[in-house]
Amino acid sequence: MLGYAGKILRVNLSTGKITVEKLDEETAKKYIGGIGLGMKLWLANSKAGVDAFSPENPLVLAVGPVSATMFPTGGNGHAFISKSPETGAVGEAVSHGTFGAEIKRAGYDAIILVGKAERPSYLWIDDESVQLLDAEKIWGKSPAETEDAVKDELGDYYVRVASIGLAGEKLSKIANIINEKTRAAGRTGLGAVMGSKNLKAFAVRGTKDIVVAKPEEFIEMVKEFHERMKGPAAQKYRTLGSAENVMIQNALHCLPTRNYNNSYFDHAERVSGEILNERYIAKIIACNSCAMRCEHEAVIHDGPYKGTMARMEYDNIWALGPNCGVDKLDAIIKAADLCSYYGLDATSTGVTVSFVMDCHEKGILTHDELGGIDAHFGNEAALLQLIEKIGKREGIGEILADGVKVAAAKIGKDSDKLAQNIKGLEVTGYDLRCLKTAALGFAVSFRGADHNRSGAYAFDISGKVDRLKAEKGRGKLVKDSEDIYALIDSLIICKNARGTLFKELPDMSKLYKLITGYEMTTDELSLAGERINTLARLINIREGLSRKDDTLPWKVMNQPISDDGPGKGSVVTQEELDLLLDDYYLARGWTLDGVPTKDILTKLGLDDLSGIIEGKED
Amino acid sequence: MVKIHDRKFVSVDPEKCVGCQICEYACSFTKEKCFNPLKSRIRVVRVNQVANMSVTCRLCEEPACVAACPRNALSQSEDTGNIVLDKDKCNGCGWCIEACDYGAIMLHPETKVVYVCDLCKDKPDGPQCVKWCPEEALTLVTSDVLAQKARISAIKKLFQESKEKIS
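These protein sequence lines map, in sequence, to chains A and B.
Numbering of the first sequence is given in this note's numbering, commencing with residue 1 and proceeding in unit increments.
Numbering of the second sequence is given in this note's numbering, commencing with residue 1 and proceeding in unit increments.
Check each hint, because a few of them may be wrong.
Only pairs whose alpha carbons sit at most 20 Å apart, straight line, appear in this in silico EDC-like list of lysine to aspartate or glutamate [stated by the list, open to error]:
| no. | chain 1 | residue 1 | chain 2 | residue 2 |
| --- | --- | --- | --- | --- |
| 1 | A | LYS236 | B | GLU135 |
| 2 | B | LYS16 | A | GLU297 |
| 3 | B | LYS16 | A | GLU278 |
| 4 | B | LYS31 | A | ASP209 |
| 5 | A | LYS223 | B | GLU32 |
| 6 | B | LYS131 | A | GLU278 |
| 7 | B | LYS112 | A | ASP127 |
| 8 | B | LYS123 | A | GLU220 |
| 9 | A | LYS230 | B | GLU32 |
| 10 | B | LYS112 | A | GLU388 |
| 11 | A | LYS223 | B | ASP6 |
| 12 | B | LYS33 | A | GLU217 |
| 13 | B | LYS31 | A | GLU278 |
| 14 | B | LYS31 | A | GLU227 |
| 15 | A | LYS223 | B | GLU98 |
| 16 | B | LYS131 | A | GLU227 |
Quick caveat, the hints were computed from the structure, so don't treat them as lab data.
This structure is a prediction, so every number in the text was calculated from the model and none was measured.
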């Protein structure tokens, strides 16, 4: 089975039992790898309604068939999959770097963790040798400190490490898992699942050869993609990076500002990708095997935050900057660094801080309740103080550390109307009121509010559709885009490089064949993408979610855009959302309740899961 | 015989290197027909996020690895300056590894003898890492050319500074 290691490692952290199972060819082809394979393994190894923090909740780590090959961006991805403590739905988060390649070279396609370690531990995977080691000494450390300490202890400086920070240890539902110091599997709070298992880190060393089925043709394809990466398809990421979006979205008035109180930031140019590059970016580095480096490393050379280094991109700039009304780029970089220090998802943290600021300005949270923090929009000191509180889970941080949905439930006073989340997951930086294809994509995303489950926002922002209009046809756009994204996260390749897939399905089909030797037509691949999304839906149905959870934040539906501009007065009404949802479910062949039908399960080869839809189909 | 000043080696510009490890993949694929950084003759070091550089054999004028070998398994080619291994003599003791200041000579995980960059001597288009590097951070150069480049950039900087002072 070329392209696949052919093995799944299973570790029971309670008993210390370590076993290796075979990955069969049929499962590999059906679920590809990455999030597809990971969700399949999670479902097969968990019971309905399992608590996210229960030892019975498996945490799955998966790589894909492209991992550890030379295909640009292919070498470097890995995916974590579990039940999300934040959403109660399936949680998944993909990260890049070099960690994923090391797992593959160690000989595994996936790792299934169950149980709970008796004391703080880390998992040391050295090819076939797998050990659970004591982590008492590194408990409490940041992911970056943990990485250094683990390398020192193991005496091997090429070991790759993924770990949690204090936030994950303290079961913060917005905690992430960080690899190689700056890369994060950020969303859905899987860092807290690791923390609940007393697992501080994974340390991996893999020494095996990776061989592909058709080496000569494969290397030609790699060459071609290197060329594509020198061209316009990668231009954005090679230069300003995703931070370019700040000015683009501001110009379109779809840059959510001050917790969605505005859709336009009057000081956007101060936090733009242009200024970031000019003043702070010390180096743009690359993940393993990638020929279009896009990781922007910011270094602050003077002022109060001198010496700070952080990886910057649109998402953390937006969440910690315009979204909090903060226009000081050095403070935003410091805030991003603090998030990494505690192991917090920067997006969810920023949205939580903006929620607090909104609550404070509306009189819901007083100065005293905030422990004296002056949480006004635009106050960068408050931003940094609040992140510290969340990271340490102390003071007001106790209420905030689980994200906005939980915080709003604790605070009450209608604060849920200010809590920008879908299914419990905080929104990302796209004003959905004037990006209505994106609104549908966010509403149906199986992991909650996110732009990474479909590229739906791209149709709106590029002007391919009327972004202010909800109309039939958007369902199909979202479905097709979701299926492609699911494949990208399963192979695993990188979404930042998606522009280099000139023809997505044919390119991916060719890549899969050259690596694995298995024929996979574009139709079969497309079906696999659909299968993976349907599988995620089935998991969510099993966990109790339904159409009512495919919704939008209160402000998106009830607080029209106030700024002058093309979107002024726009919201997504319930009628519009219903129209979009109906259209999407129809495009997927699901019932109007959002339940996949028996026929669809048969078409996708998911008959074994028909028990989940029993009685829900009509 | 090539004069010592004509000897070329793979030089890495740390300003340009982004730590992508493509050189490692290109090397292991060329030499070993697989993708495995552990079998690459060039290795990437990331000291921190902004300090990246790959390292390979520099074809030293007085190669410490050759001097250190107690079994005379290593020699330097007079033609190219390449470090040449007599596999039958090498027993993998690792003295050359200790002697090399750059970590450029390594013990092969399977053959159990040492291996080092040979500038892809069997490839008509030269070292494959240089060819593949997407950042053009790798070059095949002589030490003379390196010195020339260093001089030019130092003087350019000097003139730039004096220009700024004038304006």
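Taking the hints in turn, this is what the structure says about them:
Our distance criterion of 20 Å between C-alpha atoms is met by A/LYS236 and B/GLU135, whose separation comes to about 16 Å. With a C-alpha separation of about 14 Å, the suggested pairing of B/LYS16 with A/GLU297 holds against the 20 Å cut-off. Between the alpha carbons of B/LYS16 and A/GLU278 the distance comes to roughly 17 Å, so the proposed pair stays at or under 20 Å and holds. A hinted pair counts as satisfied when its Cα atoms are at most 20 Å apart, and B/LYS31 with A/ASP209 qualifies at roughly 12 Å.
For the proposed pair A/LYS223 and B/GLU32, the alpha carbon gap of about 19 Å is at most 20 Å, so the pair holds. About 31 Å separates the Cα atoms of B/LYS131 and A/GLU278, which puts this hinted pair outside 20 Å; it is violated. Pair hint B/LYS112 plus A/ASP127 holds up; C-alpha atoms about 19 Å apart against a cutoff of 20 Å. For the hint linking B/LYS123 to A/GLU220, the alpha-carbon distance of about 17 Å falls within 20 Å, and the restraint holds.
Distance hint between A/LYS230 and B/GLU32 is unfulfilled; the C-alpha atoms sit about 28 Å from each other, more than 20 Å. At roughly 51 Å between alpha-carbon atoms, B/LYS112 and A/GLU388 are farther apart than 20 Å, so this suggested pair is violated. Taken as a hint, the A/LYS223 and B/ASP6 pair is broken in the structure, with Cα atoms around 31 Å apart against an allowance of 20 Å. Between the alpha carbons of B/LYS33 and A/GLU217 the distance comes to roughly 13 Å, so the proposed pair stays at or under 20 Å and holds.
A C-alpha spacing of about 41 Å is found between B/LYS31 and A/GLU278, which places the hinted pair above 20 Å, so the restraint is violated. Restraint check for B/LYS31 and A/GLU227: the C-alpha separation of about 23 Å exceeds 20 Å, so the hint is violated. Distance restraint check for A/LYS223 and B/GLU98: the Cα-Cα separation of roughly 37 Å exceeds the 20 Å cut-off, and the hinted pair is therefore not satisfied. A threshold of 20 Å between alpha carbons decides the hint, and for B/LYS131 with A/GLU227 the separation of about 13 Å falls inside it, so the pair holds.
Violation of the numbered hints given earlier is confined to hints 6, 9, 10, 11, 13, 14 and 15; the remaining hints are satisfied by the structure.
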